[in-house]
Structures are given as C-alpha cells and as structure tokens.
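Throw the hints in and build the complete structure from the sequences for me.
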Amino acid sequence: MKVSFKINGQQKTVDVPGDMPLLWTIRDTLDLKGTKFGCGLSQCGACTVHLNGAAQRSCMTPISSVQGANITTIEGLSANGTHPVQRAWEELDVPQCGYCQAGQMMSASALLARNPKPSDSNIDDAMNENLCRCATYLRIRAAIHRAAELQSQAADGGASKGNGRGQ
Amino acid sequence: MSASEKMATPVSRRDFLRVSAIAGGGILLASYIEPLGAMETLGSALPADATLNAYIRITADGLITIIGKNPEVGQGVKTMLPMLIAEELDADWSKVRVEQGDLDPKNYPGQVAGGSSATPGNWLSMRRVGAAARGMLVGAAAAQWSVPAAELETEKGVVWHRASKRSASYGDLAAKAVAIPAPDLATVKLKEPKDFKIIGQRIRGVDVPNIVRGKPMFGIDVTVPGMLYATFVKCPVFAGKVASANVEAIKALPGVTHAFVVDGTPGLAGLQPGVAIVADSWWQARSARSKLKVTWDEGTTAQQSSTGFAAQAAAFSKAAPQRNVRKDGDVDAALANAAKTVKGDYFYPFIAHASLEPQNCTAHMQADGKMEIWAPSQAPDGGRTLVARTLGLDAANITVHLTRGGGGFGRRLSNDYMVEAAWIAKVAGAPVKLLWTREDDIQHDFYRPAGFHHFSGGVDAAGKIIAWRNHFVSFGENGQASAPGASLGATEFPARFVPNFAIDQSVMPLGVPTGFLRAPGSNGIAFATQSFVDELAHAAGKDPLQFRIDLLKSPIPDAPPAAGANGPQPAPYDAARAIAVLELVREKSGWGKTALPKGTGMGVAFHFSHRGYFAEVAKASVSKDGKLTIEKVWVAGDIGSQVINPLNAENQVQGSVLDGLAQALGQEITIDKGRVVQQNFDDFPLLRFAEAVPVEVHFVSNSIAPTGLGEPALPPAPPALCNAIFAATGKRIRTLPLSGQDLKWG
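As you go down the protein sequences, you meet chains A and B in turn.
Numbering follows this note's numbering, in which position 104 of the first sequence is assigned residue number 106; successive positions increment by one, without gaps.
Numbering follows this note's numbering, in which position 97 of the second sequence is assigned residue number 98; successive positions increment by one, without gaps.
It cannot be assumed that every hint is accurate.
[Claimed, not checked] Once the Cα atoms are required to be at most 20 Å apart in a straight line, the calculated EDC-like pairs of lysine to aspartate or glutamate come out as:
| hint | chain 1 | residue 1 | chain 2 | residue 2 |
| --- | --- | --- | --- | --- |
| 1 | B | K216 | A | E77 |
| 2 | B | K427 | B | D461 |
| 3 | B | K216 | A | D33 |
| 4 | A | K4 | B | D281 |
| 5 | B | K344 | B | D331 |
[As the list claims (entries may be wrong)] Just some of the chain A residues that point at chain B, by a computed CB distance under 10 Å:
| hint | residue |
| --- | --- |
| 6 | F7 |
| 7 | G11 |
| 8 | L34 |
| 9 | W91 |
| 10 | N130 |
[What the hints assert, rightly or not] Computed spacing ranges between beta-carbons, pair by pair:
| hint | chain 1 | residue 1 | chain 2 | residue 2 | range |
| --- | --- | --- | --- | --- | --- |
| 11 | A | A144 | B | W746 | 31 to 39 Å |
| 12 | B | K198 | A | A144 | 36 to 44 Å |
| 13 | A | D158 | B | P255 | 50 to 58 Å |
| 14 | B | T671 | A | D122 | 51 to 59 Å |
| 15 | B | R98 | A | D158 | 54 to 62 Å |
| 16 | B | P194 | A | H147 | 33 to 41 Å |
| 17 | A | D158 | B | P149 | 15 to 23 Å |
| 18 | A | N54 | B | E588 | 34 to 42 Å |
| 19 | A | A144 | B | G741 | 31 to 39 Å |
| 20 | B | K371 | A | S121 | 52 to 60 Å |
| 21 | A | E151 | B | P556 | 30 to 38 Å |
| 22 | B | Q323 | A | D122 | 31 to 39 Å |
| 23 | A | Q69 | B | N247 | 53 to 61 Å |
| 24 | B | P556 | A | P118 | 55 to 63 Å |
Don't read these hints as lab results, they were simulated from the structure.
Just so we're clear, the structure is a prediction, and the values are computed from it rather than from any experiment.
Backbone N, C-alpha and C fix where the C-beta goes; we use that ideal spot for every residue, glycine too.
Encoded structure:
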C-alpha cells in the first residue's frame, strides 16, 4: 500500500506491504540504517524513533498506521550531530558496541523535550525499556544529565534552535 | 648518516619490515610481527611465510591513517591498537584516522576478539610498528638536513632539529621516508612509560562520532547492489533435519525469490540443516516464514531436558567420579579429622550470549568463483575456513570484510551465520544478506554450559581449610573430553593452598551446542568456588575477606604437583597480586568498618582469569519479604603496569560487573524436549536501566606487562552478590539465577 509521511523533515511516499513495520521501511526502503533491529517485540528499544515527537518502537508499528505522521530518526535528530544528547554521548564516550545507542538517544531526547531537567527516577522511568547489552547504563545516565545542562545552556544563550526538541 | 645505517641492519626473517610507495606520495609501512607464544588466540596460528603487513599511511597533507586489525565488538580494540602505534610514531592523535582492516592473517596476525588477548598479544608488536615508522621519518629528515638522526627529536607529527631550529612535518617527510631503510623491529627502541603521551590518556572511541550520528557500520547495515535478503529456519532440536517443507508454496509468496532446503553438514558446529527463504526485502522473507510448514526429523536428542540433566548430575554426584583432575593429600582423612565440615551442591544454568545485534552476514558469490563476505565475526579467519571447507572453495578466493559487531561476548567466535549466508548466496546466485530473528539467536546459540559442583570442605580448630573436594559434573561425549566451555583446570583456586585437595569430574553427553561466553569457564566456576570459600569462612568464624587473604598467604609447603589427567602444572597466578586487589577493595569499599543492619550485607569475591586479577565487594539489602536491592559494587583490578585507555577501561569494567549481575539475577536457558524454552528478551532478561547500580573501579599498578580487560572483571560479580545476600539474610545461594528464589528472612 502507499503511505505518505514526513521523515527527518522530508515528505516521503512509500509503496510497501501494509503490515511492514515502520522499522523495515526506514532501514530497507528508505535506507536509513541508524535505527536498529534488536528483538521485533518492542522489548529492547533499539528501534526507537520519534513519532509525532514521542518515543516509539518502530519494530511493531505497522507502516499502515503512520499515514501523515511526522517521524524523526537518529539521522534527523540534528543537522550534524549537534543535538545536546549527541554532544553529551560523545563527550562522555558512552558507547561500547554502540548498537543500542541510537535507540537510547532517541528515548533520551524525547525525555528531555518534555522534561528539560529529569531526575534519576525520571530517567529510570523513561529509559527502562531501552536495553544495553554492554550495560553502559551508568554513562547513559550521566550523559542525559549532561545533555540537560547543554540544552539549558543553549536555551540561556539564546540559541533557541538548539533546544533539543529535534525536528 | 651513521644512525640511519645503524637502523638499516639486516632484518631477521621473523622481524621483516618494508615500505612501498602508495598513491599520493605516502608511505606504507609493512611488518611481520612475531607471534606471542603464550597468546590465547582462538584463531589460526601465524603462517611462516608472511611477508607484508600494512598499518600506517601518511599522506602529504599530514593525515595519518592507522589500520585497526582486530574485530571490534565493543571492547574498544579499534581505538586501543592504533593508540599503541600512534604513541611510538609520536603522532598527533587529533590527526589520526583509524580504518578497520579486512581479514588478512598473513599480514595482520591474530585477528580475533577473544581471550582478552589483544593487549598482551600486541602491546609490544604494535608499538614496534609505530616506532619503526618514526625511525624512517627521522631518517628522511636526517638525510634532508645532512645531520645525524641522533640529533633529531619528534613530537606530535613533526621532526625537529633543535640545534638548527629546523622542523618538518610527517606529511612533508612521508614521500622521502619511503626510501629510508626500515629499522629492525626486534631492536627498534621503544619509549619509556614516563614519556607516553597517548597511552594512558582518556581517549574516546574512534567510531563514537559515527555511532551518535547513526552512520551505517554494523554487519546488519551492509548494503550491496542487487542484494537480496534471507531468513533461515532451523530445527528447534539442535541438528534436526528437514524431512519435508512446503517450499513450492513459499516461493509463490510476495517478494520471495528463492526457498530451498539446506541439508547441512554433520555435527553441531558446522552448517546446520534448515530452510532458506530469500526475498526482495527482509520483511517479505520474514512474512513468508510465517507460512512455512516443515516436518522435522528431530534426531536422537529430542527427549533431553534440563530436568533430565539435573537428575543425571545428582546421580553422578553420588557415584564415583569418572576421572580425577587433581589430588593432593588425603581428603577423606582430613574431612574425618576436621573441626567443622561443610557440604554444598552448586548449580549454574546454560546462558545465551544475546548480543543486541542479531546474527547476520552478507555474502556474494561472484561469477568467477570468488566469494566476498561482510561479517561481524569475532573470529573471521575461522569463519573463512568453515566457509571454504563447507562450500568447497579455496580460502584464498574468499574475501572477508570485518564490520563492527553489535556486541560479541564470545558468540561471534562461532561463524554459523557466516557459513549459512555463504551457502544461501551461492544457491541464490546473488548477493544475500542473512539476518536472524531474535528468536533464532536465543534458540540457536553456543551456550555457556550449565555446571554442577558438589563440594565438601573442612576447617581445623584454628579455622584453616584442611580439606576441599569438588566433584564437578558437566558435559562431554563418552565420558571423556569436556564440551566447549565446560572444563575445570587443575590449578583453579584454591588448589595449592589446601593440603588435602581434590577436583574430580564426571561428564554426561549433551546434544546442545556450547561455547565461550565472556570469561568462559570462570563465569560459572567463580560463582561456585568463591561462594563455597565463603561458606568455609563462616564455618571457621572468620572475616570472609581476611579468610581469603590468609588462605593465599599460606601455600602448601613444597606444593605438591597436580596429579591426575592434566598432569603437573605450574602455578597459574601470583598469590601476592590476588592479595593486593583484595586489600585494595577492602580499603575502597570500607569493608568491615561499619556495622550493617540485619537485611543489609557486603559480600566479597576474587578471581583470576585471562591474566587479570579482580576482587569485588557488593553491598546489597534484602527486605523481610524477600525483595533484593543491590546498592553498589566496588572493584579492584590488576591488569599490570598500564591501563592503556582509562576512559574505555572504566566502561568495560562497569559493563562486565553489570553483565555478571544480570546473569546472577535472572538469566537462564532451559532445555525441554531437546529444544530451548526461551525465545526473546521477555523470557531471557537483560539488565535494565533501573537495575544498573553504581560500580566504583580502581586499579592496582605494578611493573608487569599489561594484559586484557574484556573479561576478567566479570567472574567475581555473581559470587560477591550472593555472598552479600548471605551476609544480609543468612540465606546461602547455591543455585543461579536468583529470580524465583525465596529470599525472605526474619
């Protein structure tokens, strides 16, 4: 079936089976490889994208359900890796294997968009469905706090475009 | 020119180095590096006729490209090995770019991610490569300025002649350096550790900028023009064969280009039988799979189960052991004379690796009979050998590109997904990306083998261990060899420190593939032995941490050699180093400094593996109704004189400890009717965010050459936790995982 949506600021129309998950449309039809396949059951969060601004597991989201939606993937989180979450992840050297990290960053950026200064408990709640097999959780937590600082500095500096809300 | 001449001494056959020009006026430094005799590589041995190894490219604009030769699966080796080269090259790290090398064992020895071997195996050899290149650049400057090379210095990619205030960048010198004879790798001078500028610095991972931008770099991200996508369905009972399958109906489904039966090869480690479905997209292949109907010939192991294994182990424990691994003194007599005796039966389950990137591989059989493969393998040379043997190809006609692996943990030392992809691509006659589902991955792993340890121990009136017996029941065929990952060595702690000591072993047949999971062997053995040592400490009325130190300080006088099947063995570890990490973790954790309330406790464990010494203290509390809360883990490690990249080291240790806790908390693979019961992360739980407790990491430093860090921090974590639970509740944990166990107290 034909489905039209906006992804990373661009309007796209795809013609794929209606039950095809958004994940496989993103990865194999649109060739955006940053969003990962981990479980296919919404258990691990490696496939997390933003659907109309909220974190969403794309592996169980049928393409037929995203007609007219606004989707952001890791590739569209910022123009050039400058989102506070991306800067914080780099600064703190969060990844080990790195496979889960796009999903982690998409969940973290959605959290920061609605809660600019999350507590540890807020972070636990928002991130508990994103698995990291290498267990880089301690650095992810520190990086979310650091990203909150960077986001707040950007806002204070009047650079309102860099407020971490993605696209 | 004397210095240059000196550097140009004839090279030995084993230390061969040469250069050649590359396009753009750069140099290509090539070397042959001697193998590390003791290296625990799980891959191939070095070929004797190796002639060329390329690691360093310097272009005229000063950009230095360094090849990272080993597979990167998250352990940080793609950053670490180039750091060693760049250090001795005296490069400016900000101008270094790192490229992943393809499989090329003639030129890149030891391309394996296993055994925590990359550091001990490359600590000198990679530095020598960098130092030799530096020598050539210095030689080029010496020739250009007609000054002795000995008067030249290097710093951050520039050669200096201070006396004449002249300098030249490596980029300027690179083209001329090609003509300079190569220094002898065996004698090239290396820096003193005090002069290190890159080694020991907190260096960020070279791939991190691409990871945070979502750039394609993993095996699953590979795209080849004209590529098709495959799923491969295997029998849920290991090695079960296809009796019949509705492949004609599958071929008619949307997008499906091929569907066929693969007969496979005998055994659990080769190409397994199954049905391949190839389609224009992976989703179409996956959708077609849901319509697949297969009748399996399940074979001879279809009735075995975890409960059956446990019953067999219990029966073995009451019978005479099949073989003795080590025997010192007279255990029975010592137990009869002991002031106190303790018996404990320990069990740890099968575990899956569950790397987050599902197994995958892309292969392309070309018209000329050559095959190209892209694989996130930890042992790509072993994979190439398997593909060559199974498909009847010459290994020389198989190119293997190493992709970043989304986690390894030992799973990708096996190359089943590689031979499957190669076979399917050959039949399909097109490039094919094979991708497993998560269920395929959980149900077709090479599992950490379960283990059953049956201990008896005794302490004398002074509280010293005088007797120890471990009848270890595991798996192996025909009562002889152990299955992969299921052996117990004759020097395992506390051998050498207990006068009456025996390790016995019995094995049962197993139709389940087993393999190497991060810190193989050790990840289960440490739980059993460090828990039982704790039992004896409490029986003796001693502080458990001091008890271990006292034990390590009292080797048996004239320690008898190990008898039994493995024969006499040298001491595998240095007790003084083990004591040092125990002392450090005592200090850092505040062990014994404060009285903890009932329901809260600290537990300690230490383990030596992969040349590393790790002692860990866990603090945990358990509510009266049995809810466990882990509060913190302190770690003291000794991996020798130098932590090469402290930024990554801390990450690795924290991850290893949390990995160990995840295993202890809830991970278990069970077998029923010959097949794995668990399927996905809903029934094989990984650690989640809220469970990630603080892990404080400290290192002891000494003068011993540095060793690896991917594995040795894991084994003490489960027993430290279980010993903390005992301290909190008085409940001794002898079975893993903890999930489902009753921890109520009071």
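Hints, verified against the model:
| no. | hint | in the structure |
| --- | --- | --- |
| 1 | B/K216 - A/E77 | holds, 8 Å |
| 2 | B/K427 - B/D461 | violated, 67 Å |
| 3 | B/K216 - A/D33 | holds, 11 Å |
| 4 | A/K4 - B/D281 | holds, 18 Å |
| 5 | B/K344 - B/D331 | holds, 17 Å |
| 6 | F7 | violated, 17 Å |
| 7 | G11 | violated, 15 Å |
| 8 | L34 | holds, 7 Å |
| 9 | W91 | holds, 5 Å |
| 10 | N130 | holds, 5 Å |
| 11 | A/A144 - B/W746: 31 to 39 Å | holds, 35 Å |
| 12 | B/K198 - A/A144: 36 to 44 Å | violated, 27 Å |
| 13 | A/D158 - B/P255: 50 to 58 Å | holds, 54 Å |
| 14 | B/T671 - A/D122: 51 to 59 Å | violated, 35 Å |
| 15 | B/R98 - A/D158: 54 to 62 Å | violated, 36 Å |
| 16 | B/P194 - A/H147: 33 to 41 Å | holds, 35 Å |
| 17 | A/D158 - B/P149: 15 to 23 Å | violated, 58 Å |
| 18 | A/N54 - B/E588: 34 to 42 Å | violated, 53 Å |
| 19 | A/A144 - B/G741: 31 to 39 Å | holds, 33 Å |
| 20 | B/K371 - A/S121: 52 to 60 Å | holds, 57 Å |
| 21 | A/E151 - B/P556: 30 to 38 Å | violated, 53 Å |
| 22 | B/Q323 - A/D122: 31 to 39 Å | violated, 52 Å |
| 23 | A/Q69 - B/N247: 53 to 61 Å | violated, 34 Å |
| 24 | B/P556 - A/P118: 55 to 63 Å | holds, 60 Å |
The structure fails to meet hints 2, 6, 7, 12, 14, 15, 17, 18, 21, 22 and 23 from the earlier list, while all remaining hints are met.
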